[in-house]
Structures are given as C-alpha cells and as structure tokens.
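Residue numbers (this note's numbering), protein chains in the order written: chain D, 1 to 99; chain S, 100 to 328.
There could be a bad hint or two in this list.
[Said to hold, decoys possible] DEER-style ranges, computed between Cβ atoms:
{"hint": "1", "chain 1": "D", "residue 1": "Lys26", "chain 2": "S", "residue 2": "Ala169", "range": "33 to 39 angstroms"}
{"hint": "2", "chain 1": "D", "residue 1": "Trp3", "chain 2": "S", "residue 2": "Thr222", "range": "40 to 46 angstroms"}
{"hint": "3", "chain 1": "D", "residue 1": "Lys26", "chain 2": "S", "residue 2": "Leu255", "range": "38 to 44 angstroms"}
[Said to hold, decoys possible] Listed below are several chain D residues computed to face chain S (Cβ distance under 7 angstroms; list not exhaustive):
{"hint": "4", "residue": "Asp29"}
{"hint": "5", "residue": "Leu44"}
{"hint": "6", "residue": "Ala47"}
{"hint": "7", "residue": "Val51"}
{"hint": "8", "residue": "Val61"}
[Said to hold, decoys possible] Covered, in the sense of this in silico footprint (three residues per stretch, anywhere, with C-beta under 8 angstroms from a C-beta of chain D), are these stretches of chain S:
{"hint": "9", "segment": "125-132"}
{"hint": "10", "segment": "251-257"}
In short, the hints are calculated from the structure, not lab data.
A virtual CB, placed ideally from N, CA and C, is assigned to each residue, including glycine.
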Amino acid sequence: MTWWTLLAACLGCYLLKLAGLSVPTKVLDRPVVRRVADLIPVALLSALVAVQVFASGNELVLDARAAGLGAAVVLLVLRAPFLVVVFGAALTAALLRLA
Amino acid sequence: MSVDEQQARRRAVIRDSLGVGIATGTYGASFGAVSVGAGLDVWQTCALSLLMFTGASQFALVGTVAAGGAAWSGPATALLLGTRNTLYGLRVAPLLRWSGWRRAAGAHLLIDETTAMSVTRETEADARTGFVTTGLTIFVLWNLTTFLGAVAGTVLGDPRRLGLDAAVGAAFLALLWPRLHQRTSQVVAVLSVAVAVGLVAVAPPGVPVLAAGGVALLVGVLTRGTTEP
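If we strip away everything but chain D, and leave its shape as in the complex, we get:
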C-alpha cells in the first residue's frame, strides 16, 4: 500500500465525517437513505467475515481460521469483550496450527 493511497483514504473518511456535521439535515435525512446507510455496515462486515475466514486468493478453503471464527462466536455469545473475542480467535487458530 502506497502512502498516497493511504492518505487519500484517510482524507476521504474525514470528509465523510465533516459532511455529516455540515450538510443541512434535510438533504440526506430521508428514510430510504437512512435505511441503506444502516444496512451498508451489516452487508460489508458480513462479507468481510466470510472472505477473511474462507477465502485464500480466489479459492474457498476451510482451515484454522474457521476454528478461530467458531471460537469468536462462542465468546460473543458469552458476551466477552472485543479484545478477548479477537485474541481468543487468534489463539485458537495458532494452537490448532501447532497441533
């Protein structure tokens, strides 16, 4: 990743925040916009979970990452804090690879 790409992405994210505080509410605050905007994180995060865990390049694979995700689900059901969920998944995958 080049520094230019990185800085451009940072600038873009900042401008999205600033726009929210600056644009008159009635321009964007419509039910359909709000609904789509609420659903975009759900769609992207779900897809990211699937791709990060099951994809390897252009192939679908089942490896230690899936076990890590399983551990994450259990920890989330148990209402564990974020860091515990993330490092619990890492630990599970790491231990499985040692075995």
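Assemble chain S onto chain D, guided by the hints.
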C-alpha cells in the same frame, strides 16, 4: 433543575464516557497487530489510527490489503464503511451545534461510540461533554495501543503462526454482532455472505466485499414503506 443536579449529571456523563472510551480505546492493540500482519509497516499502521480514526474502515483497509486486493478496493471498502459516520453526523449536529474550528476538530472524533454517548443527552452541554470525553479517551488510547500492537506484531513475527489472520475475521464479526438484532439486518447478512462467497472464485480480491454493498442498497430500497423499530 438545580446546579447540584446539573453537576451530578455531568459527572455521570463523564464516568460513562470514560468507561466506553477505555473499553474501546484498548482494542487498537488488535488493529496494530493485524495491520503489520497484513504487511503494512509500523508507521503506516500508526498513520491510519491517527488520521483515519474509524475502526471498521481501518480493519477493512488492511484486511483487503492482506487478501491481495487491487489497490483501489481497500480504500473503496473503507470509504463505504465510513459513510455511516456521515449519518451519525446528521444525527448529532443539531445537538452539538458546533461551527468553525470546533466542527472541523469534532468531525475527526465522529465515530460509533462518540455518537452513542452524545445522542441520548438532553442538553447541549451534556451532549458535548459525552462526545468530547468519549472521543478524546478513545483517540489517545486507540493510537497508543495501535503502536504497541504494531510493535508487538513486528517483534513476534509470522502473523499466521500467531493466528492473526483468524483475528481479522473475529474483529469483523465482533463489530457486526451488535447490529444483528433486527430481522432485516439478519437477512442482509446472510445474502451478503452468499454474494461474497459466490464471487470469490471469479472476482479479484476486494470486489466480493464491495459487491455485497449492493445487497444493502437493494434491501434498503425494496423495504421502502415498511417500518421497523
């Protein structure tokens, strides 16, 4: 309301904000470790926490880089995830009523947690206190723990041996989890997984995730007229 009551309420806002800020700020450590595992160096990792400062977008960017996505697909995913901050801004702007440099500075702190800790307040003063206390606590801790996580990740070496590739998926799931209460969200989640998994074999890395964004658009438009709490 008496001055005493106002001060007591203000202290409660600060206490709650610090709690949320400390809990959230520390998970910068996982971002730092994951980011160097994805191949970014320590300085790029720290620059992201300092300048992008919106967790889901940061994780998405480095996750897409790790997956070998095209140069544009990581930033595109990060920006799409960043659009929710725009909506947060619309919600809190009338409460905070900032202009000029305060608005420009406040915008940088506009994220999930600062919105949550200000949007429920009844007065402008309480909303600002919640927003600023939460925002600054997270900003300081997030950047500090990102650096520590990045250094630890570099020192410890091979990200796969540490299971850090599995940590990315877990981080996304943990960010997604609280959003899955509504039926519509659950449907969108299942469809998005199907779209992404279906495209993995045929599209370059990064594209399956962006395509899933289309599911949100489609479902959001098609459910026009329905109301959900």
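**Asked** Within the assertion that chain D covers the segment 125-132 of chain S, do at least three residues meet a Cβ-to-Cβ distance smaller than 8 angstroms?
**Response** Per the Cβ count (4), the hint holds.
**Closest C-beta approach of D/Val61 to chain S relative to 7 angstroms, hint status** = violated, 10 angstroms
**Request:** Starting from the hint 40 to 46 angstroms, judge whether the C-beta atoms of D/Trp3 and S/Thr222 obey it.
**Result:** holds, 43 angstroms
**Supplied contact hint for D/Asp29, tested at 7 angstroms Cβ to chain S** = holds, 5 angstroms
**Prompt:** Between D/Lys26 and S/Leu255, does the C-beta distance stay in 38 to 44 angstroms?
**Reply:** violated, 51 angstroms
**Prompt:** Hey, does the D/Val51 contact hint survive, CB to chain S under 7 angstroms?
**Reply:** holds, 5 angstroms
**Prompt:** Does the segment 251-257 of chain S contain three or more residues whose Cβ lies closer than 8 angstroms to a Cβ of chain D?
**Reply:** violated (count 0)
**Asked** CB of D/Lys26 to CB of S/Ala169, is that within 33 to 39 angstroms?
**Response** holds, 37 angstroms
**When the least beta-carbon distance from D/Leu44 to chain S is tested against 7 angstroms, hint result** = holds, 6 angstroms
**Asked** Can the hint on D/Ala47 be confirmed by a CB-to-CB distance to chain S that is less than 7 angstroms?
**Response** Hint on D/Ala47: holds, closest Cβ of chain S at ~3 angstroms, below 7 angstroms.
Figure legend: structure checked against the earlier numbered hints; hints not met, in rising order: 3, 8, 10.
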